[in-house]
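Generate coordinates for the entire structure from the input sequences, incorporating the hints supplied.
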Amino acid sequence: MNKKILIIEDDPAVADYLTTLFQDNGYVTFSAKSAHEGIELARKEHPDLITLDLELPDEWGPRFYRKLSADKDLKNIPVIVISGLSGIKYAVSKAVASISKPFDRDELLKLVREHLA
Amino acid sequence: MFKKILFATSATEACDHAARVAFDMARRYHAHIDVFHVLGVPTRGYSQVVVDLTTGDEVTLDDNYRDLVKEEIRSYYDHQIQTTDDFAITVTIGHPHREILRIARAEKPDIIVMGGSTGASGSYAHKKAATGSTFQRVAKAAHFPVLVINRPAASFWGGFSNVVFATDFSDAADHAFAFAFKLVKELNCEFHLFHALDITCFQTDNFHTQDTIDDQIRNAIAQIRFRYVSKMGDFKPYAMEVWEGIPFVEIVKYAREKQADLIIMAYNTRQTDDPEASIGSVAEQVILRANCPVISINRSVGKE
Numbered sequence: 012m013n014k015k016i017l018i019i020e021d022d023p024a025v026a027d028y029l030t031t032l033f034q035d036n037g038y039v040t041f042s043a044k045s046a047h048e049g050i051e052l053a054r055k056e057h058p059d060l061i062t063l064d065l066e067l068p069d070e071w072g073p074r075f076y077r078k079l080s081a082d083k084d085l086k087n088i089p090v091i092v093i094s095g096l097s098g099i100k101y102a103v104s105k106a107v108a109s110i111s112k113p114f115d116r117d118e119l120l121k122l123v124r125e126h127l128a
Numbered sequence: 110m111f112k113k114i115l116f117a118t119s120a121t122e123a124c125d126h127a128a129r130v131a132f133d134m135a136r137r138y139h140a141h142i143d144v145f146h147v148l149g150v151p152t153r154g155y156s157q158v159v160v161d162l163t164t165g166d167e168v169t170l171d172d173n174y175r176d177l178v179k180e181e182i183r184s185y186y187d188h189q190i191q192t193t194d195d196f197a198i199t200v201t202i203g204h205p206h207r208e209i210l211r212i213a214r215a216e217k218p219d220i221i222v223m224g225g226s227t228g229a230s231g232s233y234a235h236k237k238a239a240t241g242s243t244f245q246r247v248a249k250a251a252h253f254p255v256l257v258i259n260r261p262a263a264s265f266w267g268g269f270s271n272v273v274f275a276t277d278f279s280d281a282a283d284h285a286f287a288f289a290f291k292l293v294k295e296l297n298c299e300f301h302l303f304h305a306l307d308i309t310c311f312q313t314d315n316f317h318t319q320d321t322i323d324d325q326i327r328n329a330i331a332q333i334r335f336r337y338v339s340k341m342g343d344f345k346p347y348a349m350e351v352w353e354g355i356p357f358v359e360i361v362k363y364a365r366e367k368q369a370d371l372i373i374m375a376y377n378t379r380q381t382d383d384p385e386a387s388i389g390s391v392a393e394q395v396i397l398r399a400n401c402p403v404i405s406i407n408r409s410v411g412k413e
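Those sequence lines, one after another, are chains R and G. Using the working numbering, the first residue of the first sequence is number 12, and each one after it goes up by one. Using the working numbering, the first residue of the second sequence is number 110, and each one after it goes up by one.
In short, the hints are calculated from the structure, not lab data. The reader is advised that the hints may include incorrect statements.
[As the list claims (entries may be wrong)] DSS-like, lysine-lysine: derived pairs with alpha carbons at most 27 Å apart:
#, chain 1, residue 1, chain 2, residue 2
1, G, LYS291, R, LYS86
2, R, LYS83, G, LYS217
3, R, LYS121, R, LYS14
4, R, LYS83, G, LYS112
5, R, LYS78, R, LYS105
6, R, LYS105, R, LYS55
7, G, LYS345, G, LYS294
8, R, LYS100, G, LYS291
9, G, LYS345, G, LYS179
10, G, LYS291, R, LYS78
11, R, LYS15, R, LYS83
12, R, LYS15, R, LYS112
13, R, LYS105, R, LYS121
14, R, LYS78, R, LYS112
15, R, LYS55, G, LYS367
16, G, LYS340, R, LYS83
17, G, LYS294, R, LYS78
18, G, LYS340, G, LYS367
19, R, LYS78, G, LYS367
20, G, LYS113, R, LYS105
21, R, LYS78, R, LYS14
22, R, LYS105, G, LYS362
23, G, LYS362, G, LYS113
24, R, LYS78, G, LYS345
25, G, LYS340, R, LYS86
26, G, LYS345, G, LYS362
27, G, LYS362, R, LYS78
28, G, LYS362, G, LYS294
29, R, LYS86, R, LYS14
30, R, LYS100, R, LYS112
31, G, LYS179, G, LYS291
32, R, LYS86, G, LYS179
33, R, LYS105, R, LYS83
34, R, LYS14, R, LYS100
35, G, LYS112, G, LYS291
36, G, LYS340, R, LYS100
37, R, LYS15, R, LYS100
[Claimed, not checked] Examples of chain R residues toward chain G, derived with CB under 8 Å:
#, residue
38, PRO73
39, ASN87
40, SER97
The beta carbon of each residue, even a glycine, is placed where N, CA and C say it ideally should be.
Right, dumping it as structure tokens:
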């Protein structure tokens, strides 16, 4: 069964790019434009991995992660932070990786494969 | 709670993360934000020739130069200024800490927001291992709470909802508690009361058994109940914990574990009122390392 990736990203161009990239590589994707929508989708779909933008319209990424990690069914889902802001590396302390925009597609796919292996 | 924010900035990259928090607070809490910048230090006395703190050049200060710097700051923070319609930009000359304290006394902000080290002087290693001297001097003498964001990682929370109050049971910590409790009530936050039992002295002192440490932990919990919880009325969303270890490490770890978006602690707690006294090393280390903003409160807070 194909692994599921939840993309939390408010920029539609980036969200579309990530969706296409992951689908072309055999993953099932879901997309959320806000932290609230992201939590709802995570609860519904139980993704295997989440990519998380830091600056979302309703919440910042760390606050989303706090909600995620408070849910016993979701807290172990690996999260990759993808953001254009500087200094993002330690923003979510338990994120498995962080990538700055613009990012290298191969680097991102490598990370995804590593954490979905 | 935060209706008037004084954001003291070098208007350089070193203050970018502090700017993120300051403007976010202004937007979130509908506050007025004063963007305050000290552009240079007079070469002597009341000279109009000043050393520009950003470029290091000597310049003659006149209204044109002042306006030019204001415009530069306006454009540097253009993106963030667009999120608020209640702001002012003030530039002045002088020694930064004195001018920040001076404007704070005049404007009486609810909070002063600053970055940590600007790295304006000293070696690279020194810059990374110490908070800024301007911050130290302001935090020591300010009559207002000082919020410091030293790491970019501390600037991505957006608002306060999960607050750690770290105490050493000093009188200064009581001041910090009063502020912290007011904040958590008004902003409807979760409140974590925390004490780090310092066991570093055990390495050189008499050996302490774990029973002794556990007794001290129980005593500390009882103190938290007596000193703070007893004053919290029917406020329910709180937790309290005592961990043994190196205090600044435990405070940072606890805040990380709780995914706190704010730490509040007293500054310089064991020192006297002597303004030349060295700063509280625990507070300094927490500020340097925390993954969230830190508000430091000294014992003069609330006296104006």
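A quick look at each hint next to the structure:
1. G:LYS291 to R:LYS86: violated (32 Å)
2. R:LYS83 to G:LYS217: The given pair, whose Cα atoms are some 45 Å apart, is violated under the 27 Å limit.
3. R:LYS121 to R:LYS14: Answer holds: LYS121 (chain R) to LYS14 (chain R) is near 15 Å, not above 27 Å.
4. R:LYS83 to G:LYS112: Cα-Cα ~38 Å, so violated.
5. R:LYS78 to R:LYS105: holds (13 Å)
6. R:LYS105 to R:LYS55: holds (22 Å)
7. G:LYS345 to G:LYS294: Since the Cα atoms of LYS345 (chain G) and LYS294 (chain G) sit roughly 10 Å apart, the hinted pair holds (cutoff 27 Å).
8. R:LYS100 to G:LYS291: The hint is violated at about 33 Å.
9. G:LYS345 to G:LYS179: Not satisfied, since the Cα-Cα distance of roughly 46 Å exceeds 27 Å.
10. G:LYS291 to R:LYS78: The hint holds at about 25 Å.
11. R:LYS15 to R:LYS83: Holds, at about 19 Å.
12. R:LYS15 to R:LYS112: Given that 27 Å is the threshold and the Cα spacing comes to 22 Å, the pair holds.
13. R:LYS105 to R:LYS121: holds (19 Å)
14. R:LYS78 to R:LYS112: holds (24 Å)
15. R:LYS55 to G:LYS367: holds (25 Å)
16. G:LYS340 to R:LYS83: The hint is violated at about 33 Å.
17. G:LYS294 to R:LYS78: holds (21 Å)
18. G:LYS340 to G:LYS367: Satisfied, since the Cα-Cα distance of roughly 23 Å is no more than 27 Å.
19. R:LYS78 to G:LYS367: holds (11 Å)
20. G:LYS113 to R:LYS105: violated (34 Å)
21. R:LYS78 to R:LYS14: Satisfied, since the Cα-Cα distance of roughly 23 Å is no more than 27 Å.
22. R:LYS105 to G:LYS362: Given that 27 Å is the threshold and the Cα spacing comes to 13 Å, the pair holds.
23. G:LYS362 to G:LYS113: With Cα atoms ~31 Å apart, LYS362 (chain G) and LYS113 (chain G) exceed 27 Å; violated.
24. R:LYS78 to G:LYS345: Distance ~20 Å between LYS78 (chain R) and LYS345 (chain G) Cα, so the pair holds.
25. G:LYS340 to R:LYS86: violated (35 Å)
26. G:LYS345 to G:LYS362: Holds, because 24 Å separates the two Cα atoms, which is no more than 27 Å.
27. G:LYS362 to R:LYS78: Within the cut-off at roughly 19 Å; holds.
28. G:LYS362 to G:LYS294: holds (24 Å)
29. R:LYS86 to R:LYS14: Measuring from Cα to Cα gives roughly 17 Å; hence the hint holds.
30. R:LYS100 to R:LYS112: holds (12 Å)
31. G:LYS179 to G:LYS291: Given that 27 Å is the threshold and the Cα spacing comes to 35 Å, the pair is violated.
32. R:LYS86 to G:LYS179: Given pair LYS86 (chain R), LYS179 (chain G) is violated - Cα atoms ~47 Å apart, limit 27 Å.
33. R:LYS105 to R:LYS83: Cα-Cα ~15 Å, so holds.
34. R:LYS14 to R:LYS100: Holds - the C-alpha atoms of LYS100 (chain R) and LYS14 (chain R) are around 25 Å apart, at most 27 Å.
35. G:LYS112 to G:LYS291: Holds, at roughly 14 Å.
36. G:LYS340 to R:LYS100: Violated: LYS340 (chain G) and LYS100 (chain R) sit about 40 Å apart, past 27 Å.
37. R:LYS15 to R:LYS100: Between LYS15 (chain R) and LYS100 (chain R) the Cα gap is close to 24 Å, so the pair holds against 27 Å.
38. PRO73: holds (5 Å)
39. ASN87: Result: violated, 15 Å to nearest chain G Cβ.
40. SER97: holds (6 Å)
Comparing the model with each earlier hint shows violations of hints 1, 2, 4, 8, 9, 16, 20, 23, 25, 31, 32, 36 and 39; every other hint is respected.
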